[in-house]
Each structure stands twice: as structure tokens, then as C-alpha cells.
Amino acid sequence: MNLGSSEKSKRNYYLEDIPLNSAIAEFNGALQNCPSIATKTELIKIANAINRVTAKPAFAKLSSPHYDSAAMDGVAVSSNNTNGATETNPKFLQKNSDFAWVNTGDEVPKPFDSVIMIENIKEVENGIEIRASVPPYHDVRPIGEDIVESQMVLPAGHKLRVYDLGACAGCGITEIEVKKLPEIAIIPTGTELIAPTDMAEAGQILEYNSLMLSAQISKWGGVGVTLPVVPDNPEKLQLSIKTAVANYDLVIVNAGSSAGAKDYTMQAISSLGKVIVHGVAIKPGHPVILGIVNKKPVIGIPGYPVSTIMTSELFIKPIIEKALGLPSLSKQKVKATLTRKLVSQFGNDEFVRLRLARIRGDLVATAIQRGAGGIMSLVEADGITKIPKLSEGIDAGTEIEVELINHIDEINNTLVMVGSHDLTIDILSNLLKQQTLKSKIASSNIGSIAGLIALSKGEAHVSGCHLLEPDTGDYNLDYVKKYLPKMSVSIITLVHRDQGLIVEPENPLNITSVADLTKKAVRYVNRQRGSGTRILLDYELSKNRIESDKINGYQKEEYTHLAVASAVKSGSANVGLGIKSAAVTMGLGFIPVLKERFDLIIPSDQIDSQPIKTMLEIIKTEQFKIEVNLLSGYDTKESGQLVCKLSGNVTKND
295 MNLGSSEKSK
305 RNYYLEDIPL
315 NSAIAEFNGA
325 LQNCPSIATK
335 TELIKIANAI
345 NRVTAKPAFA
355 KLSSPHYDSA
365 AMDGVAVSSN
375 NTNGATETNP
385 KFLQKNSDFA
395 WVNTGDEVPK
405 PFDSVIMIEN
415 IKEVENGIEI
425 RASVPPYHDV
435 RPIGEDIVES
445 QMVLPAGHKL
455 RVYDLGACAG
465 CGITEIEVKK
475 LPEIAIIPTG
485 TELIAPTDMA
495 EAGQILEYNS
505 LMLSAQISKW
515 GGVGVTLPVV
525 PDNPEKLQLS
535 IKTAVANYDL
545 VIVNAGSSAG
555 AKDYTMQAIS
565 SLGKVIVHGV
575 AIKPGHPVIL
585 GIVNKKPVIG
595 IPGYPVSTIM
605 TSELFIKPII
615 EKALGLPSLS
625 KQKVKATLTR
635 KLVSQFGNDE
645 FVRLRLARIR
655 GDLVATAIQR
665 GAGGIMSLVE
675 ADGITKIPKL
685 SEGIDAGTEI
695 EVELINHIDE
705 INNTLVMVGS
715 HDLTIDILSN
725 LLKQQTLKSK
735 IASSNIGSIA
745 GLIALSKGEA
755 HVSGCHLLEP
765 DTGDYNLDYV
775 KKYLPKMSVS
785 IITLVHRDQG
795 LIVEPENPLN
805 ITSVADLTKK
815 AVRYVNRQRG
825 SGTRILLDYE
835 LSKNRIESDK
845 INGYQKEEYT
855 HLAVASAVKS
865 GSANVGLGIK
875 SAAVTMGLGF
885 IPVLKERFDL
895 IIPSDQIDSQ
905 PIKTMLEIIK
915 TEQFKIEVNL
925 LSGYDTKESG
935 QLVCKLSGNV
945 TKND
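Residue 948 is where the sequence shown ends in this note's numbering, and the numbering goes up by one at each step.
Simulated from the structure, these hints should not be mistaken for laboratory data. Nothing here was measured: the structure is a model prediction, and the numbers come from that model. Careful: at least some of the hints might be erroneous.
To be verified - Result set (PhoX-like, lysine-lysine): computed pairs, CA atoms no more than 25 Å apart in a straight line:
(1) 734 / 627
(2) 416 / 404
(3) 385 / 350
(4) 732 / 907
Let's have the full structure, built from the sequences with the hints guiding it.
Below is the structure:
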């Protein structure tokens, strides 16, 4: 239709054709000068925290379980009282003295230390018969088996899941500090818009874009607030935007972003602030507006529903994710064969909705409705493919890449660290998560030797190790050669730390050295076989000519330093060998034995991966060293230094 000169003068022709990547880069550059929309935090109850993002690390206030509990229905017994029981020579246990009936979850009453399940006992007059001996802590869940008091349960920047809530509640965390949800104003525009609940007449349009936008924002982690519809009036639109900017973190203006006679969004944003981009080379969604008003993003979204959905995915979702410190997860992509030719306009990145099917074993794709106004094209679509802007289409029979709708392929960027336990790994994990947003350390405290074995099997990226070599006084080198004879690795120092005896406050038993572990009143708690701390203890016992069976509790094993300290704090033991920071964390005493080097063993084929490179950079930072030194018993002067490289059994010192 031809327009008169007066009609032409009303139209806004300020529309560009900026490539998508350039538009995103320009807008992100402008946002660098704006304060983050998620700098605020709030303390909320765990019951209300599902899908929220932690603002700080969460630490256990209580061990789980917090008492020695029965793992089975049966009887609690003293393990040493079961010695000699066999199938052919059953042992009688006296009622009211030699055992106590327990159900699963009951506290194991003192002085008993084991449980025999009910299926393995025979009730007889005045007692029971057992036909097998049991070791200490058999079928008993010891204190801290699941979670140990003061353990970091969750890092900062972690999106809370159902089981995270259970873990927090199970260790005494009832409230948690989270990032506040970004509040986003949605301003629908257009005199023709009416509510979906109203009866529409010709020329009236049911306004449901705000419903979709609000739902998308909620799914992405924000709060969408729909404001009253603004009619086609530039002054009213300008006032609505100005008010929204003052009260919300981000403002979306829906419709009015094109160059029509009644499209006032660009004019309103530019009068209040600055338009960064108006017009992006994409289809659907070309007339999108990206602007800044009073250091807050204001985005004009096209009114066609498919354009609304597509442009909000491209431009609003990343802002929310960045504000919450969440990684931008890609959707699952698959290869499929196109059944029909697709013709596309040269110069635009076109996003085409597709149906997918598996026919004779092949995945095939067929385009469906391509207009921006048909919301059913998204309802019916199985996936979306992009036709590049420098292409005029795709021929039938071409294999294309399809992004699946609703099936997200979470990028696996987890760094698996096994081996020995140290509190500084929690600090490292937290800093890595904060710096990269998507990387995290999944640590498994299985002991130094077990960690080396896991590396040899290709089950981990890194192993923590502190294995003393008695003959040289050095650490780890001979063990790495023994357990990784064919693997090229780098040995890098994480920290030096104080190892010693963790004792009760005020040290009531006057324990001064390993030699005192044989005292009658001593109840020792050990580390597991293969751990560096266990090897250190055995070395000290050998040096002092002490037999391990003279130590009460030598067979009682824990897998972390915090678990050892927790056992001492709870009174189930009164001494254990561990690091000073664990003792101080639990408010216990500490008798130094030696200062040791804790290294990271990293296979050469892993060391250049981005998560490991970032981790090693963090270890050298002042922030890491400051946080470590806030703990007790650490020396970070050599943190991040290369000890040596091993190529097979050949040592290369750097």
C-alpha cells in the first residue's frame, strides 16, 4: 500500500541489520558499565530454597548422623565379646548384660560398638546365640558417616536441588544465603491488546506474550512482573519505562519495536537513555531493540509471539544467567537429514522450526510453519535449525544440526579430584566455581594410594597426595613411580601443612607424642588404610617400636581429617592423627608431629585442559593464599610450584 507523505513522516526508519554476534558483543560491552543486577543477597529458609543460587558456601552445623546409629534391626554387642563364635561353635550372649535390642536408626548404647542383624541371631532362654564374630562398628553408622560438622556442603554459585535441601537440613542448616532473584518488568504495548480472559472483537488481540515471557523468566531464575498494557502513546510509554527502570532490574517492552507509524519503543528508550542496537540480522526477531536507561538494560522485543520467544532466548536469558552466576547451558543437538529444501533470505540468520522422526533408523527433519506469528509452530516443533546469514537455503538430503527443544545437554565440565583429603580443596573448589561459573571440583576422599590407583585407571583428572618416603624424607615421588610406572605426570605443590595429634580441649590425658597412644585410657581414631596420614602413623610407630595392636582404636577408621576431629569432639575417641586446621575448626587441641607437603598429581594429557589450567592459576593467586592462611597450620609459600615432571619412571626437575 502506498503511504502519503504525512504517514511516512510518522514512521521510524532507524532499523539496522547488525549480525547477531556483533549485536550481542556490542550490548555486552555496554552492559560492562552497568552494575550487576544480582549483587543483592537474602537469607531464606531451606524449605523455600529450591532452584535458588547460593551466594556463599554452606557449611555443616551438625554431623550426619550426629550419633553412632544402628544400620540394621538386631542387637548391639561388644565386638570383642563375639570372638570365637562360629557355625559349629555358637556363642551365648546373656540377656540384659551382653547385648541390647536395637532398631534401624537407634543409638548404639555404650559400651556396645557393633550390631548383629536379627537374621543372624537365635533367641534362646535368657539370651541369644550368635554364629559369627563381628568387627568393631559392624552395621553401625558412625558419627559423620554422611556429613561431618564444618564440612562445606555446597559452594557459592550452586543452584539448589531437592537433595541439596535434604543434605542441608540433615546437617543443621535451616537457613541459607542466596542471590536475590532478578526482578524484570514486562510492559505490553498496543491499543489493540486485551486480556486473554476478555472476549475479543475484530481488531483486538489477546495479549499472552507477557504470560510466556514471565514463565520464561521464572524458568531461567528471575521474577517477571507484568505491568499494565500501555496504549499507542509515546508519552505514556516513556513514563511507563521510566517508572519501571526505577523499580526493576531489567525492563522488557513488548511490541512497538519495528518501524511502523505506531511503533514508539525506540523513540522512548532513546529519549530516556541510549539505544545500543536497533535491528539484528535474524529471522524471526529482526526489529529487536537493545538499550540502556539509567545503567539498566531495557530491551524492546518484537510483538509476534515466535519473535518474542526467540529474541528473549537470545538476549534476556544470558543476562539472567550472568546475574545469578549460572553457566549458559546449551541445548542438546543432534544430526538429522533434511527431507525438503529450505529457501532462506540472504543476509539473515534464520531459525527454522522442525519436526523430527526416526525413519528406517535415520533421523529426519521437516520444516513446519515459518511465520513469526504462529505460536503453534513452537508447540509442534521438535527442534530448531539455523540457516546461516550468508546462505540462501539448504538442499533436501543435507545433514543438518538440530537443537532439540526441552532437552538440555548439560556441559560436563566437572573436575574429578581423588586421593587424600585437605580442607584447602574446599577453598579451591569454591574459587573455581566462582571464577568459571560452570566448572567445579568433585572430590573423593579415598586416600593417597587409592587416588594414584584411580589415576592409573583413568577414573580422575587429579589426585591429592602426601605420601612420606621414610628413607629420604621427601614426598610422593617413589609412590608415583610405583603406581603410575607408564604415565607421564606433573607433581605440583598445593600446600605445606602441619600434621599432628588431635586431642580433647585442655588435653586431659596429657598426650605429648605418639608414644602416649598406648596409654590405657586412650581411645584412638585412625585414618583408612592407604591414606598418607595412616602411613605417617605407621612410620612413627615403627620408629618408636610401638606395636599397633597396643593402641586401643587402631582399627577404627575414618576417611577425612574432619571426621577424625569430629570423633574426638564427640567423645567416641580422645585422640587421632590429623591436620591442625581440622583440630582448630573443631575447637580441639593439637600436638605437632611434622610439617608435610601436600601435592597434586596431574597426568600430562590432562594438564592443559581449561578447568585444570584455571585451577592451577587460582592456586597461585593471593586470594587463594589469603583464604588458606585464614585456616591454621598451612604454609602457601610454594603453592602452585612444580616439584617435578615424570615421564614413565624418568624424573625431570624444573
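Hint by hint, here is what the structure shows:
The suggested pairing of residue 734 with residue 627 holds, with an alpha-carbon distance near 24 Å, which does not exceed 25 Å. For the proposed pair residue 416 and residue 404, the alpha carbon gap of about 23 Å is at most 25 Å, so the pair holds. The straight-line distance between the Cα atoms of residue 385 and residue 350 is roughly 55 Å, outside the 25 Å bound, and the hint therefore fails. Between residue 732 and residue 907 the CA atoms are separated by roughly 14 Å; this keeps the pair inside 25 Å, and the hint holds.
In terms of the numbered hints stated before, the structure departs from hint 3 and from no other.
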